[in-house]
Amino acid sequence: MNTTQTQHEERGLANEERLNRRQALQWIGAATAAIPLLERDAPAADRSGARPKSVVAKGYGPDPDLIRQYQPGDLWPLTFTDAQRRLMIELCDIIMPADNASPAALTLGVHDFVDEWISSPYPGQKSDRSIILKGLEWLDEAAVQRNASNFVSLPAREQFAICESLARDAKKDSRRFPGSFFYRLRNLVAGGYYTTPAGMKDIGYLGNSPQTEWNGPPKEVLEKLNLPPQK
Amino acid sequence: MPVISPNHKRSAYDVIVVGSGAGGGQMAYTLCMEGGKVLVLEAGRMFDPVAETAMLHTWDMAPLRGVSTPDKQYGFYDASVESGWEIPGEPYANASKEKLRQFLWWRQRMMGGRTNHWGRVSLRNGPYDFKTLTRQGVGFDWPISYEDLAPWYDKAEMLVGIFGDQEGIENSPDSSPGVLLPPPRFRAGELLARQRAKKLGIDVVPIHRAVLTKAQDAARVPRKLHPRNKKAQRLLAANMRLRLPCIYATDCHRGCSIKAAFDSTSVYLTPALKSGNLDILPNAMAREVTLNKAGQANGVTFIDKTTGSEHTAKGRVVVLAAGSQESVRLLLNSKSSQFPDGLANSSGKVGKYLTDSVASRVSAQIPALENLPLHNEDGVVGQQAYMPWWLAGQQHKLDFPGGYKALTVSGRKMPSLNTGKSFDRVSDADGIPFGRKLKEDARRYYGSFQSIGAQGAMAANDNCYSELDPELKDQWGIPVLRFHWKWSNDELRQVAHQQQSMAEILEAMGGRFFRAPDIKNPEKAISQGGRIIHEVGGAIMGEDPAKSVTDPWCRTWDVPNLIVADGATFPGTADKNPTLTIMALAYRAADHLVQEFEKGNL
Chain B
10 MNTTQTQHEE
20 RGLANEERLN
30 RRQALQWIGA
40 ATAAIPLLER
50 DAPAADRSGA
60 RPKSVVAKGY
70 GPDPDLIRQY
80 QPGDLWPLTF
90 TDAQRRLMIE
100 LCDIIMPADN
110 ASPAALTLGV
120 HDFVDEWISS
130 PYPGQKSDRS
140 IILKGLEWLD
150 EAAVQRNASN
160 FVSLPAREQF
170 AICESLARDA
180 KKDSRRFPGS
190 FFYRLRNLVA
200 GGYYTTPAGM
210 KDIGYLGNSP
220 QTEWNGPPKE
230 VLEKLNLPPQ
240 K
Chain P
15 MPVISPNHKR
25 SAYDVIVVGS
35 GAGGGQMAYT
45 LCMEGGKVLV
55 LEAGRMFDPV
65 AETAMLHTWD
75 MAPLRGVSTP
85 DKQYGFYDAS
95 VESGWEIPGE
105 PYANASKEKL
115 RQFLWWRQRM
125 MGGRTNHWGR
135 VSLRNGPYDF
145 KTLTRQGVGF
155 DWPISYEDLA
165 PWYDKAEMLV
175 GIFGDQEGIE
185 NSPDSSPGVL
195 LPPPRFRAGE
205 LLARQRAKKL
215 GIDVVPIHRA
225 VLTKAQDAAR
235 VPRKLHPRNK
245 KAQRLLAANM
255 RLRLPCIYAT
265 DCHRGCSIKA
275 AFDSTSVYLT
285 PALKSGNLDI
295 LPNAMAREVT
305 LNKAGQANGV
315 TFIDKTTGSE
325 HTAKGRVVVL
335 AAGSQESVRL
345 LLNSKSSQFP
355 DGLANSSGKV
365 GKYLTDSVAS
375 RVSAQIPALE
385 NLPLHNEDGV
395 VGQQAYMPWW
405 LAGQQHKLDF
415 PGGYKALTVS
425 GRKMPSLNTG
435 KSFDRVSDAD
445 GIPFGRKLKE
455 DARRYYGSFQ
465 SIGAQGAMAA
475 NDNCYSELDP
485 ELKDQWGIPV
495 LRFHWKWSND
505 ELRQVAHQQQ
515 SMAEILEAMG
525 GRFFRAPDIK
535 NPEKAISQGG
545 RIIHEVGGAI
555 MGEDPAKSVT
565 DPWCRTWDVP
575 NLIVADGATF
585 PGTADKNPTL
595 TIMALAYRAA
605 DHLVQEFEKG
615 NL
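Chains B and P supply the protein sequences, listed in that same order. Take the first sequence: its position 147, counted from the start at 1, is 156 in my numbering, and no numbers get skipped. Take the second sequence: its position 70, counted from the start at 1, is 84 in my numbering, and no numbers get skipped.
Quick caveat, the hints were computed from the structure, so don't treat them as lab data. Bear in mind that the values here come from a model prediction, so they are computed numbers and not experimental data. Glycine included, C-beta positions come from ideal geometry on N, C-alpha and C. Some hints here could point you the wrong way.
What the hints assert, rightly or not - To list a few chain P residues with every Cβ distance to chain B over 12 Å, as calculated: (1) R24; (2) E112; (3) R123; (4) E161; (5) T304; (6) Q310; (7) F353; (8) G461; (9) W490; (10) K538; (11) E557; (12) P559; (13) E610; (14) G614.
Unchecked claim - The calculated DSS-like cross-link candidates involving lysine-lysine, where the alpha carbons are at most 25 Å apart (straight line), are: (15) P:K451 - B:K210; (16) P:K245 - P:K534; (17) P:K534 - B:K228; (18) P:K534 - P:K500; (19) P:K213 - P:K51; (20) P:K451 - B:K180; (21) P:K435 - B:K143; (22) B:K233 - P:K427; (23) B:K228 - P:K212; (24) P:K228 - B:K181; (25) P:K51 - B:K210; (26) P:K328 - P:K51; (27) P:K435 - P:K51; (28) B:K240 - P:K538; (29) B:K181 - P:K411.
Construct the entire structure; sequences and hints are all you get.
Next up, the structure:
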């Protein structure tokens, strides 16, 4: 029970006016645009200290605000140290780099999403947390073997070679470390990327956009599939 | 205030309805429109689909990209709050430790019930589905025929607003002319499926869904539904004008702030409240139906979840529409000297004959759908096309009773967190794709995956039922249910057939498979009991008071002023989704109840 709930009770069923579709589309657009961006500086983990071993925070509960827009760190403290965060930014740039069509994952904040994910209090993310943190250590150790101080300071070519080797391991067995690390990291970075507006645009998703009508696939699609025009 | 707290309820009502979803909402609507004083008890909080639906939010605005968590078990934006298969403080039990013999029980604790969280697929049961025993030799015949229910299917469809087409398919009935709204055009993958499945003798046709593809006819429909009731006509017309047609942009499972997709709150409860005849009491967890000395139901005892205190609401008629198994639980927990084994349970059949949809899925990648010119394929997001059971007339040639429908799921859907790994199996990269290679793969293969899901019939049997657990109680001390569940060979053989035929359809589309269909091992493919959230039965209707719990009007045999208006009265599961039949049965029971009031029988 909270104040929001009382508001819902009062407001909920008293929607008197006749809306038309144009007004509704405007209203939806305005509602989406008007939602304030939340403070980016929400509580985060102490970035100077050692990382916490396990997550003690609580989840968002069974009745979260569905309209609010959430940022990593809004709901539970993040995990990465500054060094880990720098490493994750580097990895985002390797896994989802910029090209002519679309930006890199790091400019979309996907590294912060990975941090949000591994800091989650829910059981579904627990094993990702341990494997990804272990994998970040593994990468720095691999860099030391190549006479660099850490992964970030390796030349891009060598960074890429390490990732290629991990990607091959992952294809062979996505459950065996360190391939498992790269598999999960790639899933998070690529999935995190394609769930942003820029990522959706890059993949060719043109929906989530209110339409006054739906006419089925356009002519050129039907032609490519050798299908007759739709009635 | 129509939304009340326990201390503001009237001293007595004509009817108390437990539950606010498809059955309870329809009951409240009809009774209030006809002048009855009604109290709806809902175990969850008020929920406002207009203000609380994240219509166009993208996944990056949600925690964890919106994936399901123990707090939001169908994903973050699903219109379910305080709901799920597991709810803290509200346990249930399974008699078996074996996974395949366990039943998953979804509870929706919010105003509008499960109509909030629903794909809106609204199919009629066909004539054969009411004659399961006669035609298939298993389960039960219903005590009513398709013809008995058909007028209320029409009425429910007109009231709710359902799109679909007239196909003339055996045992998948058409509606009366002028009832349905126009179906949306097909997506590319659906058109391809239609062309290729045709060669296998399988029709791909528009599905029926409770989504407005155009505005309802507020001048005509209210007069048809309430021919002699000007006030009801006015209220319904006004409510219809609050609903907008679909904007082809967002998943109905999120809810619908423009009310294009049906939900009970927007379509049933809003006009019922405007009638002045409805009180709604949220956060009221029903514990027991009370009886008078003559053995008639006269009220419901409930816990006010906001305070923990217990109250009783009085009424001349009690309607249970809490969700089939919750209504069962309420009956079993309403013990008295007259009914020591639970209310209306002189037959011993309360809890018996639990059934669910028999479901499995096959997926493939369709090369023809690669690299299509970019286009928006949202349509009426979700189901648009399906394959009604194509062997209804040839059942005798099969080794299982009852059919299934197949639902195509395809298209250039909004990417999810899983999109990142979805190209691994098709990519020609040495390792799992990443970097520029992944971006290229994604642009090529996105939208080329096709999945077909089957949902089939299940006949009632003795192995699937619920009962009270002898010890376990919920946080209010109310005894909880224990489930018994076992798939029979009939269901497993059906799933083998599902796997085979869905693979054939995908093959005909040129599909590449990454996991072989489980034709030999259907127990690997079958969805766990309860996973599809179509459970019905437990207080089945029948012709014989010794073998059923309710009569053909959904009145319990033992207590005629106690009505069961949810899926509990179903004597079996058809190859159709249950919700439309729940609404039609509730509509019919409510009309009958109004007549009984008018005759002075109550």
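Now the hints, each set against the structure:
no.	hint	verdict
1	R24	holds, 19 Å
2	E112	holds, 22 Å
3	R123	violated, 9 Å
4	E161	holds, 32 Å
5	T304	holds, 27 Å
6	Q310	holds, 32 Å
7	F353	holds, 34 Å
8	G461	violated, 7 Å
9	W490	holds, 16 Å
10	K538	holds, 20 Å
11	E557	holds, 40 Å
12	P559	holds, 40 Å
13	E610	holds, 29 Å
14	G614	holds, 33 Å
15	P:K451 - B:K210	holds, 17 Å
16	P:K245 - P:K534	violated, 60 Å
17	P:K534 - B:K228	violated, 42 Å
18	P:K534 - P:K500	holds, 19 Å
19	P:K213 - P:K51	violated, 56 Å
20	P:K451 - B:K180	holds, 15 Å
21	P:K435 - B:K143	holds, 21 Å
22	B:K233 - P:K427	holds, 20 Å
23	B:K228 - P:K212	holds, 22 Å
24	P:K228 - B:K181	violated, 52 Å
25	P:K51 - B:K210	violated, 53 Å
26	P:K328 - P:K51	holds, 11 Å
27	P:K435 - P:K51	violated, 55 Å
28	B:K240 - P:K538	violated, 40 Å
29	B:K181 - P:K411	violated, 45 Å
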